[in-house]
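K.L.:
Each chain, written out:
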Amino acid sequence: MSNVVVVAEVRGGLLKRPSLEAVTAALQLAGPSGGKVVAIACGAGLDAACAELGKSGVHQVVALDGAPFASYSGDGYAKAVAEQVRAAGAGAVLMAHTAMGKDLLPRVSALLGTGIVTDAIAVAAQDGSFTARKPVFAGKATMTVRAVAAPFVATLRPNTWAPAGGGVPAPVTKVAPAPGDLLAVVREVVAQGGGRTPLQEAKVVVAGGRGLKEAQHFKLIEDLAAAFGPGVAAVGASRAVVDAGWRPHSEQVGQTGKVVSPPLYFAIGISGAIQHVAGMRTARTIVAINKDGDAPIFKIADYGIVGDAFEVVPALTAAIAELKHGR
Amino acid sequence: MDIIVCIKRVPDLAEAGLEIAADGRGLRTEDLDFDINEWDDYAVEAAVRLKEQHGGVVTAITVGDEDAEEVLRRALAMGADQAILLDDAAFAGADPFAIATALHACIRSLPFDVVLCGAVTSDGASGQVGGMLAALLDVPQVALATGLEVDGGRARVRHEVEGGLEREVEVALPCLITAQSGLNQPRYVSIRGIRKVADVAIAARSAGDLGLAATAVGEAGSRVRLEGLLLPPAGKRAEILEGSLDAAVATLVERLRERGGL
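If you read the sequences in order, they're chains W and F. So our numbering is basically just the index in the first sequence, starting at one, shifted up by 1220. So our numbering is basically just the index in the second sequence, starting at one, shifted up by 1128.
In short, the hints are calculated from the structure, not lab data. Every residue, glycine too, gets a C-beta built ideally from N, C-alpha and C. There's no promise every hint is true.
[What the hints assert, rightly or not] Not the full set, but computed from the structure, chain W residues with beta-carbon under 10 Å of chain F:
1) 1292
2) 1329
3) 1357
4) 1386
5) 1387
6) 1388
7) 1406
8) 1430
9) 1511
10) 1513
11) 1521
12) 1532
13) 1539
14) 1543
15) 1545
Build out the structure end to end from the sequences listed, making use of the hints.
P.N.:
Pasting the structure below:
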């Protein structure tokens, strides 16, 4: 029997959706062995988030709730999480592959003396140990690895599992964090992109590239994203336009930026360099709009329109808006 | 200031067609070009800039065989002062934990204020070594740095915590920082620059030199085992939606509705 820990992410009092996806994967891993799923959340003011987490089907929620944890610190969080993982007797630890997951979980795994698989797209309990599959070599190949140490630790690519929910409320245990553990001090929050749909969690990503010719033409991209309604779509950008300073680095999709896997991805004026493709290849449906019918993006897209983005995108925006709002 | 930068030699995959090696666990490397991992390039640049501002010594370290010397030479040409090659047959087949173990054993015997690593590598894409190394060294870390300044024994680091939310954190030295793209624009390295450092001695260290048993490193010391590599089946090309603009858009919306994407 193997208990599974999910490290949940709470931001501004709200539970992050990819954490519920990790719960789904955890329930699948624990299921056959009769193990329990324990969700650990770190932060300050976690009551609402833990109540939601508690109804996701987990067996127990541990809230490391207190002022010292109000903002994220890799060292302090890692020590506290590693301690709870030991206390839970976990055979596996899962978290979403977000910026926080990337920072936190390698440190946790080293504290536990074990390994980790990052950006996993599949995990399984098999023959008494755990396996995981993940994209490597810029998404040109996938690798299967087996954990040979315990616990098995993995971060999961967002939008790959369905979010869990609809369970009976699980008990929530509060643990006060020790203030001495925090080594990093937050000086300033640059609340860039506040209120926007996070790129990695978005149902739809509308990404633009060099084909838009000028920074101001990203309005077309923003309008198409907005047509899907609030909280649905996020704007992405290719490396070329981020390097050119048209868009912030936080919007960059690709190997050097964010890896996204939304149900629907639009690549607009993006040629499809491997660097970009590595960041969006696992999107369920990919639509490419490009003037150049030979652009490599059409090799990996599901649907393509060969045409001028300045004509196609407004027409598409109008069609989507009509469908969504009946206007 | 003592600055350590950990780097890796990786295949350049931008234009390369990949072939799986006969054992199914790696790539056929005969036709591949290799270079420094892109994120490690940012890390070296950041290390050299810190030295230029504050004085000190930059030490570049990699784990690999003699082929890996070329990335150390590149770091020297960029301004690193010394280079260490962790070279031992026992290091082969290492997972990130075993790599972090070897790096830790080397770095713990060196003075350091800042350790820099690339945020991730373009080959295995694990992004683990920095965080693991920070835990083993028991120093604070900041991952995915897009800005870095050091002053008065503290590092101020700008990094993204999640979708668009960036913040600046301050940590006491010694600390470990992983470099994200956007941190800097690495300087150009000319062939002449590399030639100039051709005679700089590169220190080689074996597992034994680092006080590590062969079973603690490489495949034996790894916590995850590679079972196999697969190339995805070549996808079919996109269905190109023809016709007038309105017709193409209407067909697209219809297709997306059929697939449940809308």
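K.L.:
Does each hint hold? Answer for all of them.
P.N.:
Do the hints match the structure? See the list:
1. 1292: holds, 6 Å
2. 1329: Nearest chain F Cβ about 7 Å off; hint holds.
3. 1357: holds, 6 Å
4. 1386: At 21 Å from the nearest chain F Cβ, residue 1386(W) fails the 10 Å test, so the hint is violated.
5. 1387: Given a least distance of 25 Å, the restraint on residue 1387(W) is violated.
6. 1388: Since chain F brings no Cβ nearer than about 29 Å to residue 1388(W), farther than 10 Å, the hint is violated.
7. 1406: Holds, because the Cβ-Cβ distance from residue 1406(W) to chain F comes to roughly 5 Å (cut-off 10 Å).
8. 1430: violated, 17 Å
9. 1511: Violated, because the Cβ-Cβ distance from residue 1511(W) to chain F comes to roughly 13 Å (cut-off 10 Å).
10. 1513: The hint holds - residue 1513(W) has a Cβ within 10 Å of chain F, the shortest such distance being about 7 Å.
11. 1521: holds, 4 Å
12. 1532: holds, 6 Å
13. 1539: Holds, about 5 Å.
14. 1543: Hint on residue 1543(W): holds, closest Cβ of chain F at ~6 Å, below 10 Å.
15. 1545: With a closest approach of 13 Å, the residue 1545(W) hint is violated.
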